[in-house]
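Trainee: Each chain, written out:
Number of protein chains: 4
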Amino acid sequence: MKRPDPQQNGGEAFVNCDGTVAEAPRLKKIQFADQKLEFNKRPTKIGRRSLSRSISQSSTDSYSSAASYTDSSDDETSPRDKQQKNSKGNADFCIKNIKQADFGRREIEIAEQEMPALMALRKRAQGEKPLAGAKIVGCTHITAQTAVLMETLSALGAQCRWAACNIYSTQNEVAAALAEGVFAWKGESEDDFWWCIDRCVNVEGWQPNMILDDGGDLTHWIYKKYPNMFKKIKGIVEESVTGVHRLYQLSKAGKLCVPAMNVNDSVTKQKFDNLYCCRESILDGLKRTTDVMFGGKQVVVCGYGEVGKGCSAALKAMGSIVYVTEIDPICALQACMDGFRLVKLNEVIRQVDIVITCTGILESKCLKVDIHLPPFQASLRTPELTWERVRSQVDHVIWPDGKRIVLLAEGRLLNLSCSTVPTFVLSITATTQALALIELYNAPEGRYKQDVYLLPKKMDEYVASLHLPTFDAHLTELSDEQAKYLGLNKNGPFKPNYYRSASA
Amino acid sequence: MKRPDPQQNGGEAFVNCDGTVAEAPRLKKIQFADQKLEFNKRPTKIGRRSLSRSISQSSTDSYSSAASYTDSSDDETSPRDKQQKNSKGNADFCIKNIKQADFGRREIEIAEQEMPALMALRKRAQGEKPLAGAKIVGCTHITAQTAVLMETLSALGAQCRWAACNIYSTQNEVAAALAEGVFAWKGESEDDFWWCIDRCVNVEGWQPNMILDDGGDLTHWIYKKYPNMFKKIKGIVEESVTGVHRLYQLSKAGKLCVPAMNVNDSVTKQKFDNLYCCRESILDGLKRTTDVMFGGKQVVVCGYGEVGKGCSAALKAMGSIVYVTEIDPICALQACMDGFRLVKLNEVIRQVDIVITCTGILESKCLKVDIHLPPFQASLRTPELTWERVRSQVDHVIWPDGKRIVLLAEGRLLNLSCSTVPTFVLSITATTQALALIELYNAPEGRYKQDVYLLPKKMDEYVASLHLPTFDAHLTELSDEQAKYLGLNKNGPFKPNYYRSASA
Amino acid sequence: MKRPDPQQNGGEAFVNCDGTVAEAPRLKKIQFADQKLEFNKRPTKIGRRSLSRSISQSSTDSYSSAASYTDSSDDETSPRDKQQKNSKGNADFCIKNIKQADFGRREIEIAEQEMPALMALRKRAQGEKPLAGAKIVGCTHITAQTAVLMETLSALGAQCRWAACNIYSTQNEVAAALAEGVFAWKGESEDDFWWCIDRCVNVEGWQPNMILDDGGDLTHWIYKKYPNMFKKIKGIVEESVTGVHRLYQLSKAGKLCVPAMNVNDSVTKQKFDNLYCCRESILDGLKRTTDVMFGGKQVVVCGYGEVGKGCSAALKAMGSIVYVTEIDPICALQACMDGFRLVKLNEVIRQVDIVITCTGILESKCLKVDIHLPPFQASLRTPELTWERVRSQVDHVIWPDGKRIVLLAEGRLLNLSCSTVPTFVLSITATTQALALIELYNAPEGRYKQDVYLLPKKMDEYVASLHLPTFDAHLTELSDEQAKYLGLNKNGPFKPNYYRSASA
Amino acid sequence: MKRPDPQQNGGEAFVNCDGTVAEAPRLKKIQFADQKLEFNKRPTKIGRRSLSRSISQSSTDSYSSAASYTDSSDDETSPRDKQQKNSKGNADFCIKNIKQADFGRREIEIAEQEMPALMALRKRAQGEKPLAGAKIVGCTHITAQTAVLMETLSALGAQCRWAACNIYSTQNEVAAALAEGVFAWKGESEDDFWWCIDRCVNVEGWQPNMILDDGGDLTHWIYKKYPNMFKKIKGIVEESVTGVHRLYQLSKAGKLCVPAMNVNDSVTKQKFDNLYCCRESILDGLKRTTDVMFGGKQVVVCGYGEVGKGCSAALKAMGSIVYVTEIDPICALQACMDGFRLVKLNEVIRQVDIVITCTGILESKCLKVDIHLPPFQASLRTPELTWERVRSQVDHVIWPDGKRIVLLAEGRLLNLSCSTVPTFVLSITATTQALALIELYNAPEGRYKQDVYLLPKKMDEYVASLHLPTFDAHLTELSDEQAKYLGLNKNGPFKPNYYRSASA
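Going line by line, the protein sequences match chains W, S, C and V. Each number in the working numbering corresponds to the 1-based position in the first sequence with 50 added. Each number in the working numbering corresponds to the 1-based position in the second sequence with 50 added. Each number in the working numbering corresponds to the 1-based position in the third sequence with 50 added. Each number in the working numbering corresponds to the 1-based position in the fourth sequence with 50 added.
Among these hints, one or two may not hold up.
[What the hints assert, rightly or not] Partner residues aside, some chain C positions facing chain W, computed with beta carbon under 7 Å:
id : residue
1  : 342
2  : 345
3  : 371
4  : 386
5  : 389
6  : 495
[Stated by the list, open to error] Just the calculated beta-carbon pair ranges, DEER-fashion:
id : chain 1 : residue 1 : chain 2 : residue 2 : range
7  : V       : 531       : C       : 449       : 20 to 26 Å
8  : S       : 173       : W       : 530       : 45 to 51 Å
9  : C       : 508       : V       : 541       : 52 to 58 Å
10 : S       : 449       : C       : 139       : 37 to 43 Å
11 : C       : 529       : V       : 304       : 31 to 37 Å
12 : V       : 540       : C       : 449       : 51 to 57 Å
13 : V       : 177       : C       : 442       : 57 to 63 Å
14 : S       : 495       : W       : 183       : 55 to 61 Å
15 : C       : 529       : V       : 302       : 26 to 32 Å
16 : C       : 529       : V       : 541       : 24 to 30 Å
Source of the hints: derived by calculation from the structure; they are not laboratory data. Heads up, the beta-carbon is just placed ideally off N, CA and C, and yes, glycines get one too.
Please put together the full structure from these sequences, using the hints given.
Mentor: Laid out in structure tokens, this is it:
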């Protein structure tokens with residue numbers, strides 16, 4: 051059967067699960083290049099620009115911290131042209147330099163110390179192998195933390211092949227330490243990017259039955275190239291906002307062929323990615339870029355969701371005077387009760403020292419520390435205002451009267467561009483991914499349909515419980531009498547499904 | 051048709067909406083007297099004990115603050131035996147002493163200042179009367195704050211008749227200021243209680259079409275005595291945990307005859323009743339009862355829901371060292387990230403100075419500052435331990451080695467027993483009630499079925515927005531461009547329905 | 051020798067230590083009646099007004115908490131006309147009603163639990179009696195906490211006679227429990243006041259050799275009536291700002307006959323009286339009087355000394371938006387760094403909900419939570435503004451546009467008028483007093499001259515150390531090596547004398 | 051006159067002010083090499099090791115931030131061998147590369163924005179030139195911030211010659227921008243170091259009359275080489291703990307020839323160097339070195355002085371569980387009241403994740419964030435414990451059971467080694483230095499003797515006031531009436547001299 055050329059018919063097309071072709075639904079048009087959500091864009095058109103978008107949209111990128119370890123070595127030979135073997139003589143991989151394996155192993159070991167939950171899963175795996183028989187193809191950032199995940203999946207019985215979801219974020223030394231089944235390096239070309247993915251999917255004697263994706267590119271590739279593969283695939287686990295959005299679109303359009311697990315929106319992950327992580331990274335990012343003293347500074351935080359709450363609390367604790375803007379009256383009232391003056395941006399813009407935007411930019415409420423709510427950023431690009439680049443990632447925007455504000459990361463995400471994400475936060479994500487894979491792989495026929503699911507509450511609780519020992523935290527167990535009194539199962543879940551959270 | 055006597059058949063029976071009788075479902079048996087949830091219990095059996103339960107279960111009781119204003123006057127004549135007229139010559143009421151009307155008016159005026167949202171609704175009512183034609187029968191605590199609500203409902207076009215939902219909580223002077231249509235006084239007998247309700251419901255020339263209930267007793271009475279009335283009733287607005295629980299039971303059993311609005315679980319109300327209010331009342335309650343210095347004290351907070359979060363944060367801010375216990379790993383992990391040692395109670399019970407329990411005691415997640423998780427309280431009643439009453443509402447429990455803990459309110463709710471609820475919190479509740487009444491009364495046929503509903507998100511946002519001016523808070527309005535970009539309506543709701551909060 | 055009549059020569063006179071008379075120095079004229087510092091004012095002129103000043107100027111008055119326990123019993127007989135004996139048959143006292151002794155004992159026992167340092171001193175006293183032979187005459191508030199001090203002094207070997215320093219503050223039941231040597235009751239007349247003091251000083255067979263004073267009235271009385279007594283007196287311990295001020299005046303004038311210890315200004319006491327105590331009492335006082343919700347309220351705190359720091363921190367923690375005013379640039383800069391907008395009062399007066407003044411009113415830096423910086427209070431008494439009394443101790447001051455502020459305690463000290471002082475704070479004071487008495491009584495000839503001294507640093511540290519066990523706090527001891535390295539004595543003092551604190 | 055050779059007499063000698071020689075006092079022997087205080091050590095013996103000590107002892111080193119801007123350029127020619135001229139044709143300087151002047155000017159301009167007080171002094175200098183005629187020789191770190199100071203001194207009328215107080219800390223581009231009179235570069239040899247100082251002091255036609263020193267090396271050099279110069283010198287301004295210590299030693303020994311101003315111990319500087327700066331730098335330093343997540347981490351802070359208070363508060367605010375150790379009971383009690391468990395190190399060492407020592411190591415109470423209280427560090431060097439270097443400046447110390455702690459900077463100061471000092475903090479220091487120079491230079495004969503002085507309170511207040519506009523902070527001015535009432539001068543000082551701070 052001839053596959054249609056989407057470009058020819060001037061629109062977008064989709065290969066359905068059964069191999070037939072359908073007109074793709076018109077996705078909402080989003081204007082700004084680096085947030086493009088076009089799922090159907092032809093691979094060959096994806097240039098550096100749109101690939102690097104992944105850096106900002108994957109919520110737990112460790113790009114900047116990685117940067118410090120990975121040499122931009124002088125070896126200019128493409129990995130695709132190299133013949134390398136690992137210490138076991140295996141050559142089924144494509145990475146930058148196998149000699150960095152020992153250095154990479156050291157990084158992985160450090161990461162292991164802050165990823166207690168995965169290590170606990172490994173211990174349990176000595177008895178049971180819940181992923182025995184699983185053939186996982188993964189496409190994520192390739193960092194020390196991912197390595198701990200991959201090696202945990204192996205310990206649980208799975209076979210894995212892995213590509214990078216971003217052309218810049220690979221820690222080469224980590225890729226070298228993993229080697230077998232890994233196809234990734236820092237600085238891939240566009241063509242390399244898809245070549246690596248293809249090498250993970252389409253290799254003789256290998257039929258993947260699980261997908262772990264971050265951004266949806268891997269899922270996309272299989273949809274485009276190997277739709278029949280979905281017949282053997284038990285499920286997709288997707289972590290990014292973008293990828294999840296794509297899956298919901300597929301589901302709405304009736305084109306989702308297998309169950310998919312949205313691990314982005316699990317309670318635990320959300321709290322860590324947003325509130326807890328940003329509470330620390332806002333300080334870190336500002337300090338590393340500007341050495342600013344927080345005490346006494348006037349700051350306006352735009353948006354009082356979880357990210358805004360974290361940023362506001364941290365800066366207040368450091369002695370800044372924080373103003374908040376909001377559009378949602380409920381969040382606005384919370385800001386008031388938490389002790390922040392609720393203002394409109396224009397009321398304070400001339401008096402504040404720092405502006406931080408923590409506004410949602412996608413329908414799916416991707417709350418982020420960014421600085422690029424477009425209408426606002428645009429409003430700073432006026433003849434009245436002077437822009438001055440003071441350091442890498444730091445601009446001053448100067449009013450005629452000399453008052454200036456600090457603009458960081460030129461509109462990219464501060465917490466990813468200018469600070470690092472603690473391993474412990476990535477541990478939450480990785481554990482959630484591992485459990486989602488286990489759940490989908492072992493779920494009895496019929497439990498999950500061709501739809502997008504949230505991780506079951508109980509597994510979310512399990513992720514949390516696996517991280518408690520790190521803090522030497524002792525969970526209380528209900529007595530039989532108490533459980534009965536409360537009408538709860540002693541092992542959870544502890545919140546009823548109809549429980550409506552009061553957080554927003 | 052003869053109505054069966056529930057007592058005769060030794061069980062519980064229910065009059066269905068159509069007037070037929072059915073065996074009532076066996077409600078879950080709950081052991082502790084003051085939390086009994088038996089909806090069908092016969093009125094005549096409801097003694098002081100079970101009536102006073104309402105005090106602890108209505109979430110916004112102002113009993114203790116009321117206490118200081120209401121004289122326990124020496125006038126022993128029952129209000130039922132008195133002939134009183136208000137200044138307009140009206141005698142359709144039954145209250146303690148009409149002479150207290152001026153004093154009560156003063157209290158109402160003070161309350162008005164802290165209930166800006168209701169006052170705003172009144173202003174709007176000069177143009178439109180959204181409750182024109184409404185005949186509301188209410189059964190709530192009768193306090194200055196309730197009075198502001200009642201008079202707002204009148205301003206919106208409604209006629210009201212009102213009884214007290216609790217035999218002790220009525221502020222007599224406020225009842226005097228209201229007078230017309232009010233049947234309530236402090237210290238009602240059991241018989242008085244139901245007599246007052248009946249006088250609100252069953253009076254010549256009056257057919258109520260809306261119910262505002264707090265605890266479910268009014269609803270119960272109409273179910274038992276006047277089931278046919280439901281034919282003209284447009285809906286029930288219920289505020290208490292207990293009453294909401296009863297409504298869900300009725301709904302499950304297929305016996306709910308009219309739409310009901312659960313205003314207890316609206317986001318705004320929950321945040322105020324639990325987090326914001328308890329953050330202040332824990333300090334207030336402890337200080338008023340014990341004059342304890344918080345600085346340096348070791349405290350264990352049992353439960354880290356919204357109430358536990360508020361209590362822990364407040365005490366930490368005052369220099370206490372706070373430990374937390376939890377059964378839910380997600381809440382437990384939050385406690386860790388917020389800087390609290392997660393322990394089991396027995397690990398710290400001998401070293402802490404204060405124990406605060408903030409545990410849920412009902413399936414519907416009634417989070418409260420209480421001290422009476424029964425198995426725990428029981429565990430303090432051992433021969434090893436000595437109890438010493440040091441002041442009203444304050445007991446010391448003393449270990450053999452002389453270490454002691456302070457036990458407050460003997461198991462009743464600290465925030466209601468030992469501190470006051472700020473009017474502003476009650477304003478949130480009252481506004482939510484008013485909007486729920488408006489919504490149910492004006493909803494087009496078919497919008498609501500015979501089920502229990504939460505207040506629509508948008509109205510919840512409206513309640514919040516009406517309270518922002520108090521804080522001189524300026525909400526940002528989306529531009530058309532921004533709204534389009536975000537895919538939101540400029541007027542809300544601002545969170546999609548499938549938004550899953552990360553709070554627990 | 052004839053003593054001059056101060057009134058006759060129209061001025062003030064002083065009896066010198068040797069019995070001669072000198073013209074008194076003109077004291078600085080202070081305008082406001084209730085802060086008059088006239089040391090030499092004739093007793094007979096001291097009316098209720100000027101006596102009650104002591105209530106506000108003694109920094110650790112427990113008047114308001116006392117109020118709740120002491121019956122204003124119907125027994126109108128003056129204690130001076132009663133014949134009472136305690137259970138041992140002793141009649142050398144004059145108190146309201148000996149039958150209240152058991153109730154008073156209970157109160158004393160409760161206080162003992164929060165005064166660990168004094169109890170520790172008692173334990174040590176089983177071996178040594180550092181006050182053996184001491185004959186102490188005291189004049190302080192007579193409360194449960196003072197009783198613990200008095201009985202500790204007795205346990206240390208002293209004999210005591212005691213009068214009240216304030217005509218209203220005596221807890222009658224505590225006086226009854228103490229009985230022997232106590233001359234005090236609630237509601238003394240002016241004449242009673244001096245009669246009681248005289249009975250403590252001038253009784254056959256009793257020659258006091260130590261003075262413990264609070265306000266200077268006792269010292270004054272001896273100066274006036276029995277100047278020769280000073281020949282046998284080893285020293286004066288004075289606690290109040292007023293009394294200390296008087297002593298410094300005497301010292302400057304060369305009229306101080308004995309060493310005096312200023313215990314008001316010891317580091318530990320200052321921190322507790324100001325920062326730690328006010329941090330809690332500002333919340334307590336505001337809540338008890340107004341039930342105000344702190345969250346979201348705008349507050350201006352005038353003065354950013356220790357009291358202002360405590361108030362600001364507490365309110366910020368509760369979600370208030372706090373502005374600060376200051377005259378001292380160093381304190382002002384601290385406010386900025388701590389995250390408070392520094393403003394002038396007139397810039398925010400119309401927008402804030404609450405004004406709290408924490409300004410010094412005496413040269414000796416008596417920092418207080420007050421509301422009566424006179425020029426400010428006066429500025430609120432204009433025809434433009436309406437005052438409305440809403441409750442006891444609560445006034446609303448209303449601007450023409452309806453904006454209003456809450457004025458508490460009409461200019462008296464909020465923390466003393468509207469909240470209680472925790473026993474633990476009083477414990478710090480009482481221990482400091484006890485140690486000062488021990489130091490002065492046992493000091494070798496020549497260590498102290500006829501001057502005013504601060505408690506030696508080392509003893510201040512000792513007061514602190516005696517309170518650590520309450521918190522189960524474990525102090526680190528320097529090893530010999532470390533002490534040598536640091537050039538410190540292992541037992542302190544730990545701060546050199548020339549250490550200049552950075553606090554202001 | 052022949053100058054004695056200190057080495058010859060085998061001991062230490064001193065040239066007295068009058069040119070005679072005296073035996074030097076034996077300084078207290080301090081064991082640890084990098085804290086040696088030997089004032090008299092011969093220059094030629096000062097190797098890299100002891101020079102680099104200055105890095106850690108100067109309290110406001112900007113070394114690490116400087117590092118990122120200064121190229122370790124490939125130009126290996128010694129500046130001493132270069133012929134360079136600035137744009138004005140002047141060649142009286144010795145710096146690395148005059149071509150970097152523009153880059154350096156940019157850095158200076160950025161610094162100017164955060165040093166408002168110096169810029170304000172410049173503005174005033176348009177009218178008056180308080181340093182007209184001053185010939186200042188300086189020896190400090192040469193950074194952008196110092197440049198702002200130097201150019202301010204010039205604007206005030208002074209002539210300046212400047213050397214670096216540290217062989218590594220010079221920002222070459224800043225030195226290039228200053229050029230005239232500057233003798234300094236990054237990476238000086240020992241010989242270069244003294245050569246540069248000498249070039250500042252001893253040049254034809256130049257007789258310095260003021261000294262600005264940081265560490266005492268310049269002062270030392272003049273004492274050794276040109277003692278007669280002191281006859282024309284009006285005073286010394288010294289900033290470092292070490293230098294101040296040396297001056298006090300000289301003063302005690304009667305060898306101080308001119309007045310000296312200790313600017314290290316001014317209130318404002320202390321608060322900023324310790325509390326406010328460390329509150330931020332502890333987070334910054336930990337994050338940059340370890341990317342650790344603060345939330346939930348257990349931390350022990352050793353020492354609860356200003357530095358310990360800042361660190362503890364910051365970590366608590368970020369969700370860490372903080373324990374404190376102390377030797378001083380007063381500070382210990384403060385820790386308790388602030389909500390920290392007071393423990394001994396050995397009680398928690400195995401359970402905590404991070405140990406931070408903030409202990410004094412010098413008599414003069416130099417509080418620092420360090421990790422090298424020697425007995426403690428030594429106790430970690432046992433066979434039981436494994437040390438693992440994980441990154442630059444980061445070691446893990448591992449217990450046999452696998453528990454590990456993070457050790458940073460191997461015992462050097464975390465806040466200087468691993469984070470930067472905000473320009474605003476350096477602004478406080480620089481302004482204090484400028485005012486001290488003005489004061490000493492203009493003081494009338496006799497105001498200052500040959501002794502070490504603290505900056506007058508009023509000037510300290512002035513430093514603070516000059517920094518308030520940065521925060522748009524509005525200081526309140528006393529009215530005449532208020533000032534009179536309070537007995538204060540309207541312009542300060544606002545705290546009496548006998549005011550005893552309560553901070554420790």
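Trainee: For each hint, tell me whether it holds in the structure or not.
Mentor: For each hint, the structure was consulted:
1. Hint on residue 342/C is violated. Least Cβ distance to chain W is approximately 13 Å, over the 7 Å limit.
2. Annotation: residue 345/C was flagged as interfacial toward chain W, and the flag holds, the nearest CB pair being 4 Å apart, inside 7 Å.
3. For residue 371/C, the suggested interface contact is upheld, since its CB lies about 6 Å from the closest CB of chain W, less than 7 Å.
4. Interface restraint check: residue 386/C against chain W, minimum CB-CB distance 4 Å, threshold 7 Å, status holds.
5. Interface hint status for residue 389/C: upheld, as the beta-carbon distance to the closest one in chain W is roughly 4 Å, under 7 Å.
6. The criterion of a C-beta within 7 Å of any C-beta in chain W is not met by residue 495/C, whose closest approach is roughly 52 Å, and the hint is violated.
7. For residue 531/V and residue 449/C, the hinted distance range of 20 to 26 Å is satisfied, since their beta carbons lie about 24 Å from each other.
8. For the pair residue 173/S and residue 530/W, the supplied restraint of 45 to 51 Å is violated, since their beta-carbon distance comes to about 56 Å.
9. Between residue 508/C and residue 541/V the beta carbons are some 38 Å apart, a value that contradicts the proposed interval 52 to 58 Å.
10. Between residue 449/S and residue 139/C the C-beta distance comes to about 38 Å, which sits within the given range of 37 to 43 Å.
11. Separated by about 35 Å at the C-beta atoms, residue 529/C and residue 304/V satisfy the suggested range of 31 to 37 Å.
12. Remark: the range hint 51 to 57 Å for residue 540/V to residue 449/C is contradicted by a beta-carbon distance near 29 Å.
13. Taking the beta carbon of each, residue 177/V and residue 442/C are about 58 Å apart, inside 57 to 63 Å as hinted.
14. A hinted range of 55 to 61 Å for the beta carbons of residue 495/S and residue 183/W is consistent with their spacing of about 57 Å.
15. A beta carbon spacing of about 28 Å between residue 529/C and residue 302/V agrees with the range 26 to 32 Å that was offered as a hint.
16. With their beta carbons about 50 Å apart, residue 529/C and residue 541/V fall outside the hinted range of 24 to 30 Å.
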